[in-house]
Each structure stands twice: as C-alpha cells, then as structure tokens.
Amino acid sequence: MKKFKILFLVFIIFLGGFLFFRDEILNLYQLKLSLRLPQIEKEIADLLAKETEKIISTPPPLRADKEAPEAFLTQTGVIEETNSQREKYGLPLLNKSSKLNLSAELKLQDMFQNQYFGHQSPGGEGIADLAEKSAYEFLAIGENLALGNFQNDKALVDGWMASPGHRANILSSSYQEIGVAVGKGIFEGKTTWLAVQHFGLPLSACPQPDLSLKEEINENQKQILELQGKLAVLEAEIRMTIPKRGEEYNQKVEEYNALVLQYNALVEENKILIDKYNNQVSLFNQCLVGGE
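To convert a position in the sequence shown, counted from 1, into this note's numbering, add 635.
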C-alpha cells in the first residue's frame, strides 16, 4: 500500500509538471519540426549547368612540302574542293558566308602585312577577334591556314586533308558555314601563296537557353539566402527566450514556422526552374556538337 501511494505521488508530480510546462513542451516540439529544412545538395551556382564556352579550333598551320612553279589558287575552287570532301564522307555541304569570307580576308592581309604565319597575330589577335570585326556571331569556329605554292585548289585541300587537325575542321559535323581567302604576295622575302579557311556554326543555329530564366533563378537564390539569415536570427532568439512559453515566445515560433514554409516553397520552386534551365542548356550543347 505504501508503495502504491509513492507511485501515485510521483504520477501526480509528473502530471502537474507537464501541465505547468505544457506551453513550453508543445512549442519546442513545434520548433524542432520546423527545423527540418530541406538541404540544397549544392550551391545554386553548382547546380546550374556550366555555360558552354565557344568552341575554337585552330590546328598548327600547314606549309607546303613541294613548291609548284605555276601555283594558282581561287576562293571558289577551295570552297568547292572542301565541300567535295564533305560530300565524300556523307556530311552536309557548307554554306558560303560573306562574313566568314571577310574574316578570312582580314587574316590573309594581316599575315602579309605583319609578316607572320600563325593563328595569333603579333598583337595577340585571333580568329574570335576577326569574327567580331566581321560581325559574325558564332557558337563554334575554326581556322585552317596554309603557306606555299600549292599547284591548285585540289592540291591545297588534299594537303589539309592529310593533316589530322585540318582534316577534323573540314569534316566537322558542327560547322554549317565557310569562308575562304587566298592571295599571292611577298612573305619572308619570297613570292608565295597564303590561304585561309574559316568554318563557323552561327549563333542562330542553336536554341539559346532562356537568360531570363537564369536571372529568375539567381534572384530566387538571393531571397533564399536572405531567408536563411532571418531564420538563423529567429532561431537564436527563440532558443535564448526564457521562459519558453507565453505570447512573445509563441509569436516568434509562429513567425519562424511561417518563414520556414516560405523558404521550403522557394527552394522547391528554384529546383524546378534549375531543372528546366539545365534541360535547355543540354539541348544547346547537343546542337553545338552537331546533335551527336
């Protein structure tokens, strides 16, 4: 009987304690539930697909092995011979581009004028700079160079085809357009021919990722970070509030929980936008490499 009275007394004390601290226990439970914030696997910048860099292909310039005494090259002939090679390998023919013809001509004249033979000018100008001067917006661009008295257009293109890097440019499935410049002049004290091929995939050829979508993602991320800061401050205030009950405490917990709901919704929304944007970038990349 005495043992029963002791147990009953302990139960009464426990019940009284529970009723006295009821608000505090319920609020802490609510707070712990609200702390289950979704973890972003990576920062938004990592989740976003990496922006595709413009592809530039510039194999080492080609010098003629043999010098033909009656060498003669033409722009039209070089383009025709190039397309003939592509046709042989079942590739689409390249369209002539007046802008790429201009960029190739700028390169040709610059090499003669400044007496150099390479993809970079003495001033550091490359094919991307020439494309910009020619108002050619591109996703991929390539440059083949040749120096020497090749007998004719076929001999020149055959020489490029025998060189792995130049062959890769000629047979690339990425390119859709071509520009060519050929000319005869004085180089290194000798009369010789220079030839330039420019290949391009224009910017308009591939569906562009929606930049406004990316801006919305970045703006959401800013709001997410701001909410994280507010939640951290509120959490600290709630933990430091004594006693953990009453109107002031409950108001802070309610505000915290409301912010958590807002935070969770924004994170989920951003994940959906990120998936959408990454899918667009993926389609863009597939187009960039020729849809392979």
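Since the hints were derived computationally from the structure, they do not count as laboratory data. Be aware that one or more of the hints could be misleading.
Across the chosen pairs, the derived CB separations fall in these ranges [said to hold, decoys possible]:
id: 1; residue 1: TYR751; residue 2: LYS689; range: 51 to 57 Å
id: 2; residue 1: LYS701; residue 2: LEU806; range: 21 to 27 Å
id: 3; residue 1: GLN863; residue 2: LYS768; range: 24 to 30 Å
id: 4; residue 1: GLU904; residue 2: MET796; range: 36 to 42 Å
id: 5; residue 1: ASP745; residue 2: GLN843; range: 16 to 22 Å
id: 6; residue 1: GLN720; residue 2: GLN863; range: 56 to 62 Å
id: 7; residue 1: ALA900; residue 2: SER808; range: 40 to 46 Å
id: 8; residue 1: LEU806; residue 2: ALA900; range: 49 to 55 Å
id: 9; residue 1: GLN720; residue 2: GLU854; range: 35 to 41 Å
Computed from a predicted structure; not experimentally measured. For each residue, glycine too, the CB sits at the ideal point set by N, CA and C.
Here is what the structure says about each hint:
no. : hint                          : result
1   : TYR751 <-> LYS689: 51 to 57 Å : violated, 24 Å
2   : LYS701 <-> LEU806: 21 to 27 Å : holds, 24 Å
3   : GLN863 <-> LYS768: 24 to 30 Å : violated, 47 Å
4   : GLU904 <-> MET796: 36 to 42 Å : violated, 53 Å
5   : ASP745 <-> GLN843: 16 to 22 Å : violated, 31 Å
6   : GLN720 <-> GLN863: 56 to 62 Å : holds, 58 Å
7   : ALA900 <-> SER808: 40 to 46 Å : holds, 44 Å
8   : LEU806 <-> ALA900: 49 to 55 Å : holds, 51 Å
9   : GLN720 <-> GLU854: 35 to 41 Å : violated, 49 Å
Going down the numbered hints, you'll see the structure goes against 1, 3, 4, 5 and 9, while the others check out.
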